[in-house]
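Q: So you can see what is in the structure, the chains are spelled out below.
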Amino acid sequence: MTKLNSKIPAGSIENKWTQYRSTVPLVNPANRRSIDVIVVGTGLAGASAAATLAELGYKVKCFCFQDSPRRAHSIAAQGGINAAKNYQHDGDSVYRLFYETVKGGDYRSREGNVHRLAEVSVNIIDQCVAQGGPFAREYGGYLSNRSFGGTQVQRTFYAAGQTGQQLLLGAYSALERQVGLGTVQMYSRHEMLDIVTIEGKARGIIARDLINGKLERHFGHAVLLCSGGYGNVFYLSTNAMGSNVTAAWKAHKKGAFFGNPCFTQIHPTCIPVSGDHQSKLTLMSESLRNDGRIWVPKKKDDNRKPADIPEDERDYYLERRYPAFGNLVPRDVASRAAKERCDAGYGVGASKMAVYLDFAANTIRYGKIEAHKKGLHNPSDEEIKHLGKEVVKEKYGNLFEMYEKITGENPYEMPMRIYPAVHYTMGGLWVDYELMTTVPGLYALGEANFSDHGANRLGASALMQGLADGYFVIPYTISSYLSNEIRTKAISTDHEAFVEAEKKVKEQLDKLMNIKGSKSVDHFHKKLGKIMWEKCGMGRNEKGLTEAIGEIRTLREEFWKDLRIPGIQNEFNPELEKAGRVADFLELGELMCMDALNRKESCGGHFREESQTEEGEAKRDDEKFSYVSAWEYKGAGNFEMHKEELLFDVVHPSQRSYK
Amino acid sequence: MNLTLKIWRQKNSKEAGNFVSYNVTDISADMSFLEMFDVLNEQLISKGEEPIAFDHDCREGICGMCSMYINGRAHGPAQGTTTCQLHMRKFKDGDTITVEPWRASSFPVIKDLVVDRSAFDHIISAGGFISVNTGNAKDANNIPVPKDNADNAFAAAACIGCGACVAACKNSSAMLFVSAKVSQLALLPQGQVERETRVLNMVKQMDEEGFGSCTNTGACEAECPKEISVENIARLNREYLLANLKK
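Protein sequences, first through last, are from chains A and B.
Letter by letter, the first sequence follows residues 1 to 659 in the numbering used here.
Letter by letter, the second sequence follows residues 1 to 247 in the numbering used here.
Pulled out of the complex, with its shape left as it was, chain A reads as follows (with noise of 0.2 Å):
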């Protein structure tokens, strides 16, 4: 049972890390020279290890299948990132930061790993800083600081509602500069579809040139995939239209154990389902819960405009349920929360598939301290509104925008109509401590490994997990294997073993090419989307998991039947493209049932509905699942099952309450 050794340093939380980076085995800047690093992904995580290996004198040549690497969907982060900088004198500390992340993360990550994350983030912050990016400041020049879901202190930095954005920009430019310099070779519009491996190691990939559709061999002492998560598998999601899990399952099908594949986020405020056109779900920041109060009518089908339905006749119910924390529960319980008032029938909009976010008594607050602030002292009631509605737009301006462009409606005059949607998955490739894979020499960082974020991300913690690990983990850990590496020399893509590997993903593309059947992509991709929302989605029972796996292994029978690619394979053809990707997500889709139907415990974003508590709160069960479950590749929908024992030495495990 214990193939897997997470290589957890010995010694106290506080000097694991410190002792790691000063024992660790160094290649001397003279040999890192010769030593190739194949880097897949442009994200936080893939563009800020680019460029950092490349500054240590590492040869990188870095993937992304978007036109350019600063398209990445890292870019679409609104909120913010943590950091445990304690600006704000409010008790914040690395202690509490990394309490509060093992803690939001329902006890299911390693602690070894959320220390290194919280004493890493301070350095993040600085070097962001550094680069540029333009963050929110006080007027007296100092940063600012925002409070997030399931925190009580302020500490996430941020740049309007486009932190991500800025982030991302930043280290894009830092890969862009080391393009410049010679020491980054870029490849934009291409995709990896396939990992080399020579004598069990990671020694190159297969990459398909979007634009002729030409297979390339490239060699590298080392690869990272740093490719982001799979929530697209649900068809709706707020991923972007081209994330996928492609050259993470390509790693899983050659040796790399995937993580608590069923471990997926649904985050609570995004913008509702229009109808059956609907291409992706946007997000609404976390942030807007700072201001924002959620509530549905008291009563069921109450079709009255929501202005209209008195204060006492509104059912506000995280305040109710939740006095402590309110409106700013974590993530997982603010939506299993809108999903329950929903489910009874208590939801509003056309859809009824939605609940109020409302600024209003916000709105009104502000403007009175405003009108205080300019000396007003009977203000009506009219210019409070005004003045509170400038205070609501400086903070939140365009999202309040983008609201409005997308459904038409305006939400500084009546309230958002929000729901939960697929946001995130903490689960993803195995890596140990260094951040290597099961295959040696195979990396993966960032969404796409399942390392620190357990059963639950906590807001602004995403951004702070993949700089982390692309800025100031990688950096030091992969010298640990490459230090064995110098020896090896470049191997020539000759090699059968990369012969093979471009045959072996002709194949697959010819085959999907020959089906010639009559249905698209997106129609087997919405069926699985469906099956997978409703059966291993936020919440989840022994029965429909057990369906969902024998509709899945249908779906998947059909769509090899059955599926139709127009154009050609040797051309620019975005078809083929999505063709390949569903065609893993329809493999992803049963190991994550079967992850999840192993699983009977309810714990995180996840809701095992056989594991509750009398009031209907999920109950995690430590006794049987405090363990990461890594799932081994056997061959068609055939899996085994390995178990990473966590031990707590710290955070005691306690039922999680934000009552």
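Careful, some of the hints might be misleading.
Unchecked claim - Derived pair list, reagent style DMTMM-like, types lysine to aspartate or glutamate, alpha-carbon separation capped at 20 Å:
1) K530/A x E42/B
2) K506/A x E577/A
3) K530/A x E15/B
If you're looking for bench data, these hints aren't it; they were derived computationally from the structure.
Note that the structure is predicted; figures quoted are calculated from it, not measured.
On the provided structure of chain A, position chain B as indicated by the hints.
A: Just chain B now, kept in the frame of chain A:
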């Protein structure tokens, strides 16, 4: 609603392209412009025809990948809006809509509505950065930045690199794009060390990529989905002049 679409079709960079007309029916006002394209493409696939290639990714107005020239305007009729955030409620039943790719010699067409914007990456790699290796940075609050400067730098940094400014410009000038990055970094204390070399190198690269000159028509600002101000172009000119004087 029912619509007629006149769409630019071009097989690849070598072959000539032409407009082809299509009809779409039962389009909902709540659809995004790209979701309307999804409907059209599903229709084409079911008829055994090739779907229309277009760039898109995040579909929430921030990645800068979508790039359609709609009825003679970059990203279509809505102010400060990317194509993916344009919704069909801006159109009415019976409309004919013309859709072209970005047109600029520095952005060659790859297929249909997809163009190659790698010239923008080359400009950034010529100087659109602050040379700070990972680990060099000092404590973030050691560099106070006046709020106005921080806010102006942020407004310039909101550029998504979509290329609408180039597409909208009769000279295919990339001045708004370049000026946004130059301004962001020139406004911040962190950007001072490389202030002169940055602007000189970026402008040089911009010229090498074949972008045209700026004749101050302001079309770029009018069509920019992030409403980047032409004041940045004035700042770029000032920076460029000063850097040349100091050379």
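Q: All hints are to be evaluated individually against the structure, with a verdict given for each.
A: Hints and how they fare:
For the suggested pair K530/A and E42/B, the alpha carbons sit about 19 Å apart, so the restraint of at most 20 Å is met. For the hint pairing K506/A with E577/A, the CA-to-CA distance comes to about 13 Å; that is within 20 Å, so the pair holds. The suggested pairing of K530/A with E15/B is violated, with an alpha-carbon distance near 41 Å, which exceeds 20 Å.
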